[in-house]
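S.K.: Residues per chain are reported as follows:
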Amino acid sequence: MSSRLILNPKNFEITINRLCFELIENHDDFSQSVIIGLQPRGIYLSNRISSQLRHFLPGKEILTGNLDITFFRDDFRRRENVIVPSATQIDFIIENKKVILVDDVLYTGRTIRAALDAILAFGRPSKVELLTLINRKFSRHVPIEPNYVGKQIDTIMSDKVKVSWQETDGKDEVWLFTKEKEE
Amino acid sequence: MTQQLSVKHLLGIKELTVDDIQQIFATTANFKDVINRPIKKVPSLRDITVANLFFENSTRTRLSFELAEKRLSADIINFSASSSSVSKGETLIDTVNNILAMKVDMVVMRHPKPGAAVFLAKHVKAKIINAGDGTHEHPTQALLDAYSIYEKLGTLNGVKVVIIGDILHSRVALSNVFCLKKLGAEVMVCGPVTLIPRYISELGVLVENNLQKALAWCDVANVLRIQMERQDIKYFPSLREYVMLYGINREILDNLKKDIIVMHPGPINRGVELTSDAADSRQSIILQQVENGVAVRMAVLYLLAGRID
Numbered sequence: 001m002s003s004r005l006i007l008n009p010k011n012f013e014i015t016i017n018r019l020c021f022e023l024i025e026n027h028d029d030f031s032q033s034v035i036i037g038l039q040p041r042g043i044y045l046s047n048r049i050s051s052q053l054r055h056f057l058p059g060k061e062i063l064t065g066n067l068d069i070t071f072f073r074d075d076f077r078r079r080e081n082v083i084v085p086s087a088t089q090i091d092f093i094i095e096n097k098k099v100i101l102v103d104d105v106l107y108t109g110r111t112i113r114a115a116l117d118a119i120l121a122f123g124r125p126s127k128v129e130l131l132t133l134i135n136r137k138f139s140r141h142v143p144i145e146p147n148y149v150g151k152q153i154d155t156i157m158s159d160k161v162k163v164s165w166q167e168t169d170g171k172d173e174v175w176l177f178t179k180e181k182e183e
Numbered sequence: 001m002t003q004q005l006s007v008k009h010l011l012g013i014k015e016l017t018v019d020d021i022q023q024i025f026a027t028t029a030n031f032k033d034v035i036n037r038p039i040k041k042v043p044s045l046r047d048i049t050v051a052n053l054f055f056e057n058s059t060r061t062r063l064s065f066e067l068a069e070k071r072l073s074a075d076i077i078n079f080s081a082s083s084s085s086v087s088k089g090e091t092l093i094d095t096v097n098n099i100l101a102m103k104v105d106m107v108v109m110r111h112p113k114p115g116a117a118v119f120l121a122k123h124v125k126a127k128i129i130n131a132g133d134g135t136h137e138h139p140t141q142a143l144l145d146a147y148s149i150y151e152k153l154g155t156l157n158g159v160k161v162v163i164i165g166d167i168l169h170s171r172v173a174l175s176n177v178f179c180l181k182k183l184g185a186e187v188m189v190c191g192p193v194t195l196i197p198r199y200i201s202e203l204g205v206l207v208e209n210n211l212q213k214a215l216a217w218c219d220v221a222n223v224l225r226i227q228m229e230r231q232d233i234k235y236f237p238s239l240r241e242y243v244m245l246y247g248i249n250r251e252i253l254d255n256l257k258k259d260i261i262v263m264h265p266g267p268i269n270r271g272v273e274l275t276s277d278a279a280d281s282r283q284s285i286i287l288q289q290v291e292n293g294v295a296v297r298m299a300v301l302y303l304l305a306g307r308i309d
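As they're listed, the protein sequences go chains D and S.
Quick note: the first sequence uses this note's numbering, first residue 1, plus one each step.
Quick note: the second sequence uses this note's numbering, first residue 1, plus one each step.
Derived by calculation from the structure, the hints in this document are not laboratory data.
If a hint is listed, it holds; no wrong ones were tucked in.
Cross-link-like lysine-lysine pairs, in silico, DSS-like; alpha carbons within 30 Å at most:
{"id": "1", "chain 1": "S", "residue 1": "40", "chain 2": "D", "residue 2": "98"}
{"id": "2", "chain 1": "D", "residue 1": "127", "chain 2": "S", "residue 2": "32"}
{"id": "3", "chain 1": "S", "residue 1": "41", "chain 2": "D", "residue 2": "127"}
{"id": "4", "chain 1": "S", "residue 1": "40", "chain 2": "D", "residue 2": "127"}
{"id": "5", "chain 1": "S", "residue 1": "41", "chain 2": "D", "residue 2": "98"}
{"id": "6", "chain 1": "S", "residue 1": "32", "chain 2": "D", "residue 2": "98"}
In silico contact screen, one side only, chain S against chain D (beta carbon under 8 Å); selected entries:
{"id": "7", "residue": "4"}
{"id": "8", "residue": "27"}
{"id": "9", "residue": "39"}
{"id": "10", "residue": "305"}
Glycine residues also receive a C-beta, built at the ideal position from the N, C-alpha and C atoms.
With the rest of the complex left out, here is chain D:
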């Protein structure tokens, strides 16, 4: 297994800030928009994005929630183990709001498909967008594409992407792990 740093702490910060500005471009003052982080790993990104947005838009309310999609997955009973769900916390109405789904890595797209199902339990949004820090191209199982991308990378199935967060791992970084070819 060889590893490569694909986003260092400095570029990580630049990328987060750029994503925030792209969001502001489309969502103005966020009065009609909400940010929903996907459990378990997407909530670090959604919390970071919303705290930066509050910094860029002082005085504006940025509604942020967490969504757990465990019960909406399409691989229940097809895995070895039952997945333990995390908490869903959406303390606002999403009816007619623009929803920005946030996850750290977009890979097969199945999580997002489940999230689209799950979000409907909270009302009918006027629009749903997708923001992802890392977009693993060419590995999609369903036709889902992100609206906002931190970084695009070309990967194969055996590769692994690990996003580290200041809050949990002490450093903001993204690593790519590649399995060595057997000679």
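Start from chain D and add chain S according to the hints.
M.R.: Frame of chain D; chain S shown alone:
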């Protein structure tokens, strides 16, 4: 994070580990959140068929299971003994195997005979959930009772719970004792000597015949119904005498120095074990128990469905 229950069926609390119960509670909290949303349904069990077999009367448990199954999107069939071939002499295994031949994955069963669920689990190929087997166990009731206390007090460790009434005939009492003990609670049973099983203290529970003393000791009182239908002989002179000695009313609760939590698994015989002013008081969490019942059963169904091969 992933974890598997240690059991393939839910036959009783006795077989569960503390980890199992904690996992059920964690999942219950998630489902409680789901059933309080505008859309209370999730698609998890959309490819599962559940048969609800009730060989004994039930309102709350049957409706609660049915609702839990529907909110998980399972297909369900209902069956009650009075309207079936059981009255024509069919055996339990035959009845269930015929139902399973229609491709049923899980069976929720209530039966008047203790051990019926264990017996079925040994002989048929489906996940069995015991919804009460005679005077033996009623695991989902114990789980929802324990969850309701946990939700109210934040812990069960060191909590003093007294179970009052007909302990001898109560599957709820036995399952509750197992569940509460596993979670670190102190348990006492209280009732007339004739309605307390002789060797129950072997399970590590305290026995008290005086209601006042039991209430003064406890943080939580789980009050049971006198099960007239299971009493083949007279266990106490008269219902009036039982009410005088073991009935709980507002006055008794007010005379205690603290606010205890009052629970009842239902159905309540108002004016017997609980008066209306006690059952409907702010100390009572009887309706929260019913709400938690649906969430607990969703959690059990979900976690066991994950174990279907």
